[in-house]
Amino acid sequence: MYRIAVVTVSDKGARGDRVDKSGPVIREMVKSLGEVVDYRVVPDDPEVLKGTLINLSDKEKTDLILTTGGTGLGPRDNTPEATLAVIEREVPGLAEAMRMESMKKTNRAMLSRGVAGVRHLTLIINLPGSVKAVRECLEVIMPALPHGLEIMTGRGGECGIEN
1 MYRIAVVTVS DKGARGDRVD KSGPVIREMV KSLGEVVDYR VVPDDPEVLK GTLINLSDKE
61 KTDLILTTGG TGLGPRDNTP EATLAVIERE VPGLAEAMRM ESMKKTNRAM LSRGVAGVRH
121 LTLIINLPGS VKAVRECLEV IMPALPHGLE IMTGRGGECG IEN
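Residue numbers in the sequence shown follow this note's numbering, run continuously in steps of one, and reach 163 at the last position.
Because the hints were derived from the structure by calculation, they are not lab data. The model shown is predicted, which means the values in this text are computed figures rather than measured ones. Hints are supplied without guarantee of correctness; some may be wrong.
Calculated cross-link-like contacts (lysine-lysine; reagent style BS3-like; alpha-carbon spacing at most 27 Å) [stated by the list, open to error]: (1) 50 / 61; (2) 59 / 132; (3) 50 / 105; (4) 31 / 61; (5) 21 / 132; (6) 21 / 50; (7) 104 / 50; (8) 105 / 61; (9) 50 / 12; (10) 61 / 104; (11) 104 / 132; (12) 21 / 104; (13) 31 / 50; (14) 104 / 59; (15) 132 / 105; (16) 21 / 31; (17) 12 / 132.
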């Protein structure tokens, strides 16, 4: 089982002006992967988000960080930039798969700027902010996450086995 953190990125949520609905959906959907050891709502501030991601990766030693929100075109949507600033390696297939599947439902999916990558031994994935999009995107990537986490953390075997 893996240590998971969920970070909702929202100015209104951080101020208490909006109830976070996406974070709880993520928490429920990832139960099969492990324990959500940290859940928090932070403002759309790139420095706060970078600090949060670094802390959760380096100090809290989480295996997986899932962010929700801040991936659009709004002037305060800083999640991808903060994530890119702290990761060491990108995992573009995750974001590509989420956008590709979402495009089947709405052409607005092409406006999502979410990224995914690895910092040390932590996989960080940006999810959109809406409950519907979170569900759709997690459904797409969940089947691949156990294997990716196994390999990244050294808990898995060879990945060259043919199916």
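We went through each hint and held it up to the structure:
1. Of the pairs offered as hints, the one joining residue 50 and residue 61 holds, with about 15 Å between alpha carbons and a cut-off of 27 Å not exceeded.
2. As the CA atoms of residue 59 and residue 132 are separated by approximately 32 Å, the hinted pair breaks the 27 Å bound.
3. For the given pair, residue 50 sits about 31 Å from residue 105 by alpha-carbon distance, which is inconsistent with the 27 Å threshold.
4. Between residue 31 and residue 61 the CA atoms are separated by roughly 18 Å; this keeps the pair inside 27 Å, and the hint holds.
5. Under the criterion of a C-alpha separation no larger than 27 Å, the hint pairing residue 21 with residue 132 is consistent with the structure, at around 10 Å.
6. Distance restraint check for residue 21 and residue 50: the Cα-Cα separation of roughly 22 Å lies within the 27 Å cut-off, and the hinted pair is therefore satisfied.
7. Distance hint between residue 104 and residue 50 is unfulfilled; the C-alpha atoms sit about 32 Å from each other, more than 27 Å.
8. Proposed proximity of residue 105 and residue 61 is contradicted: the alpha carbons are some 36 Å apart, above 27 Å.
9. Restraint check for residue 50 and residue 12: the C-alpha separation of about 19 Å stays at or below 27 Å, so the hint holds.
10. For the suggested pair residue 61 and residue 104, the alpha carbons sit about 36 Å apart, so the restraint of at most 27 Å is broken.
11. Among the hinted pairs, residue 104 with residue 132 is consistent with the structure: their alpha-carbon atoms are about 14 Å apart, no more than 27 Å.
12. For the suggested pair residue 21 and residue 104, the alpha carbons sit about 24 Å apart, so the restraint of at most 27 Å is met.
13. Annotation: proposed proximity of residue 31 to residue 50 holds, straight-line Cα distance about 25 Å (limit 27 Å).
14. For the given pair, residue 104 sits about 39 Å from residue 59 by alpha-carbon distance, which is inconsistent with the 27 Å threshold.
15. This hinted pair checks out: residue 132 and residue 105 have alpha carbons roughly 11 Å apart, not beyond 27 Å.
16. For the hint pairing residue 21 with residue 31, the CA-to-CA distance comes to about 17 Å; that is within 27 Å, so the pair holds.
17. Distance check on the hinted pair: residue 12 and residue 132 sit about 19 Å apart at the alpha-carbon level, within 27 Å; holds.
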